[in-house]
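> The residues making up each chain are set out below.
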Amino acid sequence: MTVALSGKEIANQILEKFPDSIIESSEKDLVVKSESLLDVATFLKETPGLDFNYLNYITAVDYYDHFEVVYMLSSLEHNHSLVIKTRCYDRENPVLPSVVGLWQGADFQEREIYDLMGIRFEGHPNMKRIFLWEGFQGHPLRKDFM
Amino acid sequence: MEIDSGRKYIYSDIELDRKEGQIIEELKASSQEVVIPDPDEWLEEEGLKQNIILTTVDWFINWGRRSSLWPAICFPACCAFELIAANGPRFDLARFGMEILRASPRQADLMITAGTLTWKMAPNVRRIYNQMAEPKWVIAMGACAISGGIFASASYAVVPGYNHIIPVDVYVPGCPPRPEALIYGIQMLQKKIAKRRNLDIGKLSRR
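Taken in sequence, the protein lines are chains A and B. Take 1 as the starting number for the first sequence in the numbering used here and just add one per residue. Take 1001 as the starting number for the second sequence in the numbering used here and just add one per residue.
Just so you know, the hints here were simulated from the structure itself, not pulled from any lab data. C-beta: ideal position from N, C-alpha, C; glycine also. Please note that the accuracy of each hint is not assured.
Said to hold, decoys possible - Computed list of lysine-lysine pairs in BS3-like fashion (alpha-carbon distance at most 30 Å, straight line):
#1 A:143 <-> B:1120
#2 A:85 <-> A:143
#3 A:128 <-> B:1203
What the hints assert, rightly or not - Computed from the model, here is a short list of chain A residues facing chain B with C-beta under 8 Å:
#4 54
#5 55
#6 131
#7 140
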């Protein structure tokens, strides 16, 4: 059985290396500042003992005043998992760093989030719509889409 | 031999045997004087009677067309499973001359649109339809194919019915329709094809 690691404990480890990079943390997840997302993700993937070498999924939630993007990471070596989140407050032109360079599996899912939520991932090699067609107006999974 | 009173079934073996014996006796008695003639007496007929059938061109062409409908593969969603079941041995579409699903639309004359169609897929479906050789027919299978189904009113991505993209001949409702319903729809289409007029006599005589 995969062990879900405590977000609080991991947050403490991260804060030692990147102070002021965590917004909040709880037992089940931790919320990272979007500017330090890539640093934290690299740290989680490459630190011995953590080794989060597998990205289960990325998804996004619309909370009206901000978007929250959720990453679930696993380590196939240690059989443990962690949920990290990041927030994006700009509704007109939301931009987040892409994690495709760390986990290839993020490719299509970031495109899907761009397609349906409108969050642009900087550093993605092929940032375009995946389900809807080029020229579609709006992003349908936003709460204000009608 | 007496019938066993503790018998298990309505008819005992001995009852069946007696009945069988009765049938044989009757057949033997009635067959003593009769000689059944050779059914091939048409061999002696003159050639004209053997070689000419009178029918209409329309009936003959329509019979050929409706008896060998070959569907193109265009199954975008879950109705396809009912279609696969209809093709399988239990429901056996092969009885109606259409067991072959053609991978190439060039060899198909029926499109069974089994499933939800999104706008992203719509140009491809129309292209498959355009590639099919005339004459061609379309069966809209399931609620999504008829009207968009559960996605009809609210969806930004689903075509509200195949008849916005291609002409549809027969509508088979259901979500998804049972194989029996699909087979019934195919029979309806065959009846429709049987009524088709293939030659425009007025046009021919004007030439």
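> Run every hint past the structure and note whether it holds.
Here's how the hints hold up against the structure:
1. A:143 <-> B:1120: Holds, at about 23 Å.
2. A:85 <-> A:143: holds (19 Å)
3. A:128 <-> B:1203: Violated. Residue 128 of chain A to residue 1203 of chain B sits at ~54 Å, over the 30 Å cutoff.
4. 54: Hint violated; residue 54 of chain A Cβ to chain B Cβ min 30 Å, cut 8 Å.
5. 55: violated (26 Å)
6. 131: holds (7 Å)
7. 140: Hint holds; residue 140 of chain A Cβ to chain B Cβ min 5 Å, cut 8 Å.
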